[in-house]
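Number of protein chains: 4
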Amino acid sequence: MAQTIREGDDVLLYLSRKRTFLVKVERNKSFHTHKGYVHLEDLIGKNYGARLRSSMDTEFVALKPAIRDYIFKMLRKTQITYPKDIALIVMFSGVGPGSLVVEAGTGTGALTSALAFYVKPKGHVYSYEVRSEFIETASKNLKRSGLAEYVDIKNQDICQGIDESEIDAVILDLATPWLVISHAYSALKGGGALVSFSPTIDQVVKTVEALQENGFVDVETVECLVRRLQVARGKTRPETLMTAHTGYISFARKAIVEH
Amino acid sequence: MAQTIREGDDVLLYLSRKRTFLVKVERNKSFHTHKGYVHLEDLIGKNYGARLRSSMDTEFVALKPAIRDYIFKMLRKTQITYPKDIALIVMFSGVGPGSLVVEAGTGTGALTSALAFYVKPKGHVYSYEVRSEFIETASKNLKRSGLAEYVDIKNQDICQGIDESEIDAVILDLATPWLVISHAYSALKGGGALVSFSPTIDQVVKTVEALQENGFVDVETVECLVRRLQVARGKTRPETLMTAHTGYISFARKAIVEH
Amino acid sequence: MAQTIREGDDVLLYLSRKRTFLVKVERNKSFHTHKGYVHLEDLIGKNYGARLRSSMDTEFVALKPAIRDYIFKMLRKTQITYPKDIALIVMFSGVGPGSLVVEAGTGTGALTSALAFYVKPKGHVYSYEVRSEFIETASKNLKRSGLAEYVDIKNQDICQGIDESEIDAVILDLATPWLVISHAYSALKGGGALVSFSPTIDQVVKTVEALQENGFVDVETVECLVRRLQVARGKTRPETLMTAHTGYISFARKAIVEH
Amino acid sequence: MAQTIREGDDVLLYLSRKRTFLVKVERNKSFHTHKGYVHLEDLIGKNYGARLRSSMDTEFVALKPAIRDYIFKMLRKTQITYPKDIALIVMFSGVGPGSLVVEAGTGTGALTSALAFYVKPKGHVYSYEVRSEFIETASKNLKRSGLAEYVDIKNQDICQGIDESEIDAVILDLATPWLVISHAYSALKGGGALVSFSPTIDQVVKTVEALQENGFVDVETVECLVRRLQVARGKTRPETLMTAHTGYISFARKAIVEH
Chain A
927 MAQTIREGDD VLLYLSRKRT FLVKVERNKS FHTHKGYVHL EDLIGKNYGA
977 RLRSSMDTEF VALKPAIRDY IFKMLRKTQI TYPKDIALIV MFSGVGPGSL
1027 VVEAGTGTGA LTSALAFYVK PKGHVYSYEV RSEFIETASK NLKRSGLAEY
1077 VDIKNQDICQ GIDESEIDAV ILDLATPWLV ISHAYSALKG GGALVSFSPT
1127 IDQVVKTVEA LQENGFVDVE TVECLVRRLQ VARGKTRPET LMTAHTGYIS
1177 FARKAIVEH
Chain B
927 MAQTIREGDD VLLYLSRKRT FLVKVERNKS FHTHKGYVHL EDLIGKNYGA
977 RLRSSMDTEF VALKPAIRDY IFKMLRKTQI TYPKDIALIV MFSGVGPGSL
1027 VVEAGTGTGA LTSALAFYVK PKGHVYSYEV RSEFIETASK NLKRSGLAEY
1077 VDIKNQDICQ GIDESEIDAV ILDLATPWLV ISHAYSALKG GGALVSFSPT
1127 IDQVVKTVEA LQENGFVDVE TVECLVRRLQ VARGKTRPET LMTAHTGYIS
1177 FARKAIVEH
Chain C
927 MAQTIREGDD VLLYLSRKRT FLVKVERNKS FHTHKGYVHL EDLIGKNYGA
977 RLRSSMDTEF VALKPAIRDY IFKMLRKTQI TYPKDIALIV MFSGVGPGSL
1027 VVEAGTGTGA LTSALAFYVK PKGHVYSYEV RSEFIETASK NLKRSGLAEY
1077 VDIKNQDICQ GIDESEIDAV ILDLATPWLV ISHAYSALKG GGALVSFSPT
1127 IDQVVKTVEA LQENGFVDVE TVECLVRRLQ VARGKTRPET LMTAHTGYIS
1177 FARKAIVEH
Chain D
927 MAQTIREGDD VLLYLSRKRT FLVKVERNKS FHTHKGYVHL EDLIGKNYGA
977 RLRSSMDTEF VALKPAIRDY IFKMLRKTQI TYPKDIALIV MFSGVGPGSL
1027 VVEAGTGTGA LTSALAFYVK PKGHVYSYEV RSEFIETASK NLKRSGLAEY
1077 VDIKNQDICQ GIDESEIDAV ILDLATPWLV ISHAYSALKG GGALVSFSPT
1127 IDQVVKTVEA LQENGFVDVE TVECLVRRLQ VARGKTRPET LMTAHTGYIS
1177 FARKAIVEH
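Protein chains in written order, with this note's numbering: chain A, 927 to 1185; chain B, 927 to 1185; chain C, 927 to 1185; chain D, 927 to 1185.
Because the hints were derived from the structure by calculation, they are not lab data. Hints may be right or wrong, so weigh each one.
Put simply, identical chains are the same to the list, so a pair is met inside one copy or across any two.
[As the list claims (entries may be wrong)] Pairs of lysine-lysine residues, derived as DSS-like cross-links and limited to a Cα-Cα distance of at most 25 Å, are as follows: (1) K1161 <-> K999; (2) K955 <-> K1048; (3) K972 <-> K944; (4) K1066 <-> K1080; (5) K1066 <-> K1048; (6) K961 <-> K1069; (7) K1048 <-> K1069; (8) K950 <-> K1080; (9) K961 <-> K1066; (10) K999 <-> K1069.
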């Protein structure tokens, strides 16, 4: 059944691949861009995907924001975990519908949202954040993307310990992941996954050593590069610039000794 | 609550990062490797993650297979869609719990399994495969990974048309994706996602042109490179060899004209 | 024997890796930067490598410009052939002291200068350029880098033919390299090298086909990516951005039929 | 003037891009391959580039070995410095005709040969090698490529000091480059270049720190990735496998304090 846009819905106004705007549909409100304004009220009752025209007669498309769109819009502040890395973190951690996940730090909630999106409706994310100034932003972001009910944000230092146990995956994106490894081991199920994202080599080395010393196996570190292709008949070529580095992703699984 | 291994369960016997074995736990059966054999019966009642010793006193770890493990084990035959690509396809398509997805071709079911894993419990995957010799393998693979109930495999040529409508995402990994684009447009919801995976530039150009001519917007093509890091204090360095190319991933979203 | 800086010499004033200035040493002249000015006359009699201080007490280093520095400074206009590509073109073409080289197009003379630098003192470069507006700039650049005597710039369209024969290497960086291949074949010695640099896939395909149809063997196409590492104890990591694409480099060698 | 093949010359017998053979032309001698044998005497008097047929009627091409060919053939033993890296080392070091270069370690002489090739006819390479077992191989390789007269191989430990002074460039490819930095500083001209090639991050960090502490400026570290493109109309795509890592290349220039 086709979905129509309702008052209060989020819409991603698409102008071009590099120009999209995440807006909430409200009555008596316009959204202004350098290509003219759009009466947001006019969107009500339209189907997602609808083409519309701004006051300057420029075409926009009213898209339903996907999880990737929410993530991109949240990244403005910390600029660290890119969708490509989130995609690998989710896939390699085995997180999916029903998973119980511990995550730190919350930051602006980009990775948190992705994890919440994939664990719903039965799973849950426990997200630790020691910097209290981030918690409000993250909460607002999670609420906006409709995922708040799947997440507990905890204003605690995960380096001091993890409250939960029998967890499926622990996902770390913080400055000192190696200080969390022994706590993560305690919190995880046998065979559970640990994933850590770090920008520097030194963080990776310390974390991998901690993993090896704390009973983890299947330890692996990768980096992921994504390059865009400009596609046009007779002129196809890779784009000129690319992101050369976001961070390294380390994976491991908990092994246990049975008695 | 800890999960114990039961008769009939799949276990991933982990020897090293490059040596893992997917086995079904049965009574009166041994699993033989170049590092000795393991009595599978002995696994029953153990927790996942348990370390055990083979007849040659080599340590194995009994892991619960994650979706990534099933995918790796299924890839033996077609060797085309790598987990890194599957991860990006899933994230960029917006597929998640509850999504309705059309996919082609099924192949050995690797991408199919990943899609089924993420859409469960309420979503569904309709997977088209014209080569009947693949259908049995894919069915067996889906059954093994416990995901068969979320998938309909259809022995039909998707280039001839798509039966479903109001679909959230169409995912293509076949030789002539450009022949499917107009059918995909009809099958998708407004704003719905199309993702196509192709190894050659020529396929990409034809597909992107078909997308642009058939009412899709937000068209983007990327390639993804993953490089492993060998981590060891004082000797850390990237691995010597890597996969230089699997394929290009093209994304687009359906725009519609409202009347 | 140490080299001292003389009036009329070029000096590369180094402020930081991203801030260098190519200046000619003249009396009664200052060079102004956002970090203060330097009396160029003061450089006379100093050794290359000398540290000096600007009027704002910022340290500069007076370096002798290397061929790479000249190339970087020349690239401002066409921005196409990067030093990494020039390095591969030179190495893979076999060009060295004494080589006879045909090149097109001259452009601002960056690649021309590199070729001239390596063929001297006995070799020679014949550089074709159809766009007369480039010839003055290229001549000035070659003169400045002291390499003008090793180069003939010819205001001719290489697609119409090559005057020279028994050439060691033909190097192409122009829009339609495939139109030059048969002329290049005639101009080259048996076993001589052809190298072509092109930004788009379509140019590469046409050029490689022309090479295969015109008696060349050992045809190979590569692309080269260079990524910088930020090195600092405990914080080492690749740089955030990189050039994702400049162009593809195709190599081939002329085979002949003996009678 | 066309070059004909003479007795005693080296010829690169080309069968395919992956199958080439470096042979010395001798009378009464055959060269055997899995595609039949070639009478080497038959090559005498032919032009370079000549196509010929083996006893199994397979076509070979008799190419004049370029410096890159000698390098590839020498690399069999140490497998470390690839042509792409040699190309960047040469370009970024500023080494060219007439340069005076110090290098260590010699190894099998691959990088040494490249340096000798570019400095001739007036320049010279002083190559240090502490492992005496390599010296004979390197000497033989240099003699074969006709470059021996431009090189002094010295069976000395460069970590103990460098005999030469007023050198244009010092090129290091050895396990502990940081131990050579202060000696290199003494040996170099003002503004002279230092280039170091190392496979591990740890070597890079130590070397860069030594460069910064010993009066070098313009310090930069890069890695270079080369990917092949399979070119065929309608089927063009990057190759499946590539070398993911050979080593990092660090560059720097000597700054001096004038009194």
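Tested hints:
1. For the identical chains of this complex, K1161 and K999 are neighbours neither inside a copy (31 Å) nor across copies (28 Å), given an alpha-carbon limit of 25 Å.
2. In this homomeric assembly, K955 and K1048 never come within 25 Å of each other (Cα to Cα): the closest approach is 37 Å inside a single copy and 36 Å across copies.
3. Proximity of K972 to K944 under the C-alpha cut-off of 25 Å is restricted to the intra-copy arrangement: shortest distance 24 Å within a copy versus 52 Å between copies.
4. Taking the shortest alpha-carbon separations for K1066 and K1080, only the intra-copy value of 15 Å comes in at or below 25 Å, while the best inter-copy value is 43 Å.
5. In the homo-oligomer, the alpha carbons of K1066 and K1048 lie at most 25 Å apart inside one protomer (22 Å), although the nearest pairing across protomers, at 27 Å, exceeds that limit.
6. In this homomeric assembly, K961 and K1069 never come within 25 Å of each other (Cα to Cα): the closest approach is 29 Å inside a single copy and 49 Å across copies.
7. Taking CA atoms no more than 25 Å apart as the test, K1048 paired with K1069 passes in both settings, with 18 Å inside one copy and 22 Å between copies.
8. Taking CA atoms no more than 25 Å apart as the test, K950 paired with K1080 passes in neither setting, with 28 Å inside one copy and 40 Å between copies.
9. With identical chains, the CA atoms of K961 and K1066 are never at most 25 Å apart, being 28 Å at best within one copy and 45 Å at best between copies.
10. In the homo-oligomer, the alpha carbons of K999 and K1069 lie at most 25 Å apart inside one protomer (14 Å), although the nearest pairing across protomers, at 38 Å, exceeds that limit.
When held up to the earlier numbered hints, the structure conflicts with 1, 2, 6, 8 and 9 and fits the remainder.
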